[in-house]
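If you read the sequences in order, they're chains A and B.
One gets the numbering used here by counting positions in the first sequence from 1 and adding 253 to each.
One gets the numbering used here by counting positions in the second sequence from 1 and adding 97 to each.
One or more of the hints may lead you astray.
[What the hints assert, rightly or not] Just a few of them, taken from the derived set where beta-carbon distance is under 8 Å, the chain B residues facing chain A:
1. Met98
2. Pro99
3. Ser102
4. Leu113
5. Thr114
6. Gly127
7. Asn157
8. Ala180
9. Arg190
10. Gln198
11. Asn202
12. Asn203
13. Gln220
14. Pro224
15. Thr226
[Said to hold, decoys possible] Okay, the calculated bits of chain A under chain B, using three or more residues with CB under 8 Å as the criterion:
16. 425-435
17. 745-758
These are calculated hints, taken from the structure and not from any lab test.
Glycine included, each C-beta is placed from N, C-alpha and C at the ideal position.
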Amino acid sequence: MDELEAIKVTFFQECEELLADLEGGLLAMQEGAGDLETVNAVFRAVHSIKGGAGAFGLEPLVRFAHVFETLLDAVRSGTVPNTVELAAVLLRASDILADHVSAARGLGDVDMGASAAMAAELETWTDPNAAPAAHAPLVEDAAPVAAAPAAASVSGVADDDAMDDDDLGFVFVPQTITVEAQAADAEPSNVWTVSIRPKSDLYRKANETALLLRELSRLGPIKATLDDSALPALGELDPEAAFVTWSVRLETEEDESAIREVFEFVDGDCDLEITRGEGGVQDAMASLLAVAEAPPVVEAVEPAPAPAPEPIEIIAPAPVAEVVEPVAPAPAPVVEAAKPAAAPAAPAAATPKATPVEVPGPGQSVIRVDPERIDRLIDLVGELVINQAMLAQRVGEYGIAPSSNLAMGLDELEQLTREIQDSVMAIRAQPVKSVFQRMPRLVREVANMTSKQARLVMEGENTEVDKTVIERLSDPITHMLRNAIDHGLESPEERKAAGKNPEGVVRLAALHRSGRIVIEVSDDGKGINRERVFGIAVKKGLIAPDLQLTDEEIDNLIFLPGFSTAEKISDVSGRGVGMDVVKRSVQALGGRISIASRPGQGSTFTLSLPLTLAVLDGMVVDVAGETLVVPLAAIVESLRPKPEEVRPLGPVGSVLAVRDSFVPLIDVGQALGYRDHSPAPTDGVVLLVEGEDGSRAALVADAIHGQRQVVIKSLEQNYQQVEGVAAATILGDGRVALILDVDATIAMRRRDGGAPRPTEPTLIAAE
Amino acid sequence: MPQASSISVLVVDDQLTMRALIRNALQQIGFKDIREAPDGEEALKNLLAKPANLVISDFNMPKMDGLALLRAVRSHPPIRQTAFVMLTGRADRELVQRAVQFGVNNYCVKPFTVQGLREKIEQVFGPLT
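The shape of chain A in the complex, shown without the other chains (with noise of 0.2 Å):
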């Protein structure tokens, strides 16, 4: 049954949200939080997991479920107290119930044998004897229920006798009604409240309140009330002023936007709110929900009067007769047409990739659509932009004024294109908070396994980035609390010996920076120990023994290929690869990591990627006869050399003055392998550029040709990685350019000191 596969495909999905929560209110507890909301939002979410699981016949997983939700509802009933060392046990039954939830779904084992332990450990905490009676579940319906074949009904799993009245304890005796019943009973469906508060413009413009409830009156029998409460003492009236609410019942067969019309030439002048059946309702309402779902219309105005002590009761003439129309069908709900001007609205941020956008819960209008759709629509929208470049470059070439109506509606081409653009990236824009959830997990383990104590915390989880982007980012982040944990926090012992806290603290954070995502992990551990790194690289011949090094680019050795400080290779940070592939996967992405660290404080990773892996504002330059990008984000400026800006330095490098510094000049077309020799910086134009890690280095091109957006084409999908190559992608003109890898660029002039480009990638020592 396709539905039901569907639903099922629904429900793992929720779970994913369900186990989230769950872990998230978890480590609130494990904070100290024993708020009653959080212990029942825990509890839901282990409940919801077990109903789905029980619908689906899913039986390991309702099995554990249960005897978790037991534990959970004897915390909620107080039976059992919420202590932090609880909190602790029902995280790690978390994650078994996580896998469980991954098993039921064909994805991955559970350990049964972990499984059963922790569900024998659960029951030792739900002590029976010590739960009150009253509290207790008298019966619990049968959990572990066989799986139902596929052909058999909707949630076909669990046998009737689970629903037998029976099970109460008492008699259950079903209330009968009859729709008829119902239907007697209801208010009659064509009464309205329409509430008129005039502003004082309505009468200014010379209109009647009169003359309205005249117009109501031919809709239907009306009954209009004022409440004149807000009135002012004579002596204080502003008679320009407008002070009364009209409050009118209005009987009718005809439809809201009947009604609405009648206000038509009012529009503005008065606060009008229509709402179905008597005004009692709307109060009642107000009042069971205390929260902002009052109509704004009324916040919106004056201070609320105090009802009014005495209403003034008008009964309005009768409703002409053969203004009866035919009985219209039942209008859209007035409450539920309002919703979307009640959704939360997203404070508005300069580019739309930035806003951080409010997940919406369950029940606010969510469409959820299949992701290869919206890829699909991201790829059209980069042939759009590359087409509209095609276009406007093709234009220019005819020569065609800036100023006519062809180059001007290209001008407003180019800005929408932009705008479909940005727009459809927001659409795939997600929150980290997908790839962060799963850290603390991590973390517990990485801890667990190394014996050391530590506490995850976590930033800016709502932190937008592209879907693409956010795939990625799962393995970088994993390395680096790895890394964080095992080589930087050191042993409780240790912590104890220096003072610090045993516990130690792994932050992890997401933010945006000048256009990028920044993820940094940070420690307060004992920080990178430079002299041992040091020697490290100088043994394993990754560094000549005499290098001048700054602290900070000695921290950054850790990247080099072929470098791992662990004594042994544990199963930890290790697995033969180090944070060379890391960084390698990283800069793949047109990314960089870096790590600064400051001795006893601890250490911090920073990596920074763009916000998507689609698009890149870039500088196009000609290099050797070769058309490439320079990223726009990394050029500090451009300039054209003076001879005697230009000064030798050793036999091959040479480095430009720029006001008070020298920058070192590399020519792309050298570093790129074009050509051997560089021709005089002076003939051609210098881009000043700044790396990730501050270091400026001044590249030479033959000429520029301009800015512009291009859509990246992934080189390492379409061809394989290049060094100091991020990426290709289309011109204009149809030409394929590549996208120049600023950092990795300056990275191989410092180790290469500005020789020829070998075919390898070159270890420093190999100079």
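Add chain B to chain A, keeping to what the hints say.
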């Protein structure tokens, strides 16, 4: 004998999965007019805007739980007569007793079969066609 297709139903559950399952079951029974709400608050707004003949509601929900919803429905004259079937995770005596006190029409234990749900509804409205 009431026709299932002429009875309007509001399904209240915080879980999307459950709402989908209940909707699926109701459709199999023959119901056509099915609306959904994710919690008691939304359900009450929904009912006040447009009454329904039958409410099938979960008990444990955020914001406003099933009991609070039942109470609210019974205290609002225009929708007081709405048939109310409470869904519970287990046959919890205390819970059902309180629901009876507030005027619940019937209750149904999850997980349920289509036939089981049908019987529970028929115990309220009589045999459905």
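Status of each hint after checking the structure:
Residue-level restraint check for Met98(B) is violated (minimum Cβ-Cβ distance to chain A is 11 Å; threshold 8 Å). For Pro99(B), the interface hint holds, since its Cβ comes within 8 Å of a Cβ in chain A; the closest pair sits about 5 Å apart. Among the interface hints, the one on Ser102(B) is violated; its C-beta lies about 12 Å from the nearest C-beta in chain A, farther than the 8 Å criterion. Satisfaction of the interface hint for Leu113(B) is found here, the shortest Cβ-Cβ separation to chain A being roughly 5 Å, below the 8 Å cut-off.
Interface hint at Thr114(B): satisfied, since its Cβ lies 4 Å from the closest Cβ of chain A, which is below the 8 Å cut-off. A least Cβ separation of about 14 Å between Gly127(B) and chain A goes past the 8 Å threshold, and the interface hint is therefore violated. Look at Asn157(B): its Cβ gets to within about 6 Å of chain A, closer than 8 Å, so that hint holds up. Evaluation of the Ala180(B) hint against chain A yields a held restraint, the C-beta minimum of about 5 Å falling below 8 Å.
Checking Arg190(B) against chain A: minimum C-beta separation of about 5 Å stays under 8 Å; hint holds. The criterion of a C-beta within 8 Å of any C-beta in chain A is not met by Gln198(B), whose closest approach is roughly 12 Å, and the hint is violated. With a least beta-carbon distance of about 4 Å to chain A, the hint placing Asn202(B) at the interface is held under the 8 Å criterion. The interface hint given for Asn203(B) is met, as the beta carbon of that residue sits about 4 Å from the closest beta carbon of chain A, less than 8 Å.
With a cut of 8 Å, the hint placing Gln220(B) at the interface with chain A holds, because the nearest CB-to-CB distance is about 4 Å. Here the hint on Pro224(B) is broken, as its CB sits about 12 Å from the closest CB of chain A, past 8 Å. Contact between Thr226(B) and chain A, as hinted, is not supported at the beta carbon level, the nearest pair being about 12 Å apart and thus beyond 8 Å. Against chain B, the segment 425-435 of chain A contributes 9 residues with a C-beta closer than 8 Å to a partner C-beta. That satisfies the three-residue criterion, and the hint holds.
Three residues within the 8 Å Cβ limit are the bar, and the segment 745-758 of chain A against chain B gives 0, so the coverage statement is violated.
Figure legend: structure checked against the earlier numbered hints; hints not met, in rising order: 1, 3, 6, 10, 14, 15, 17.
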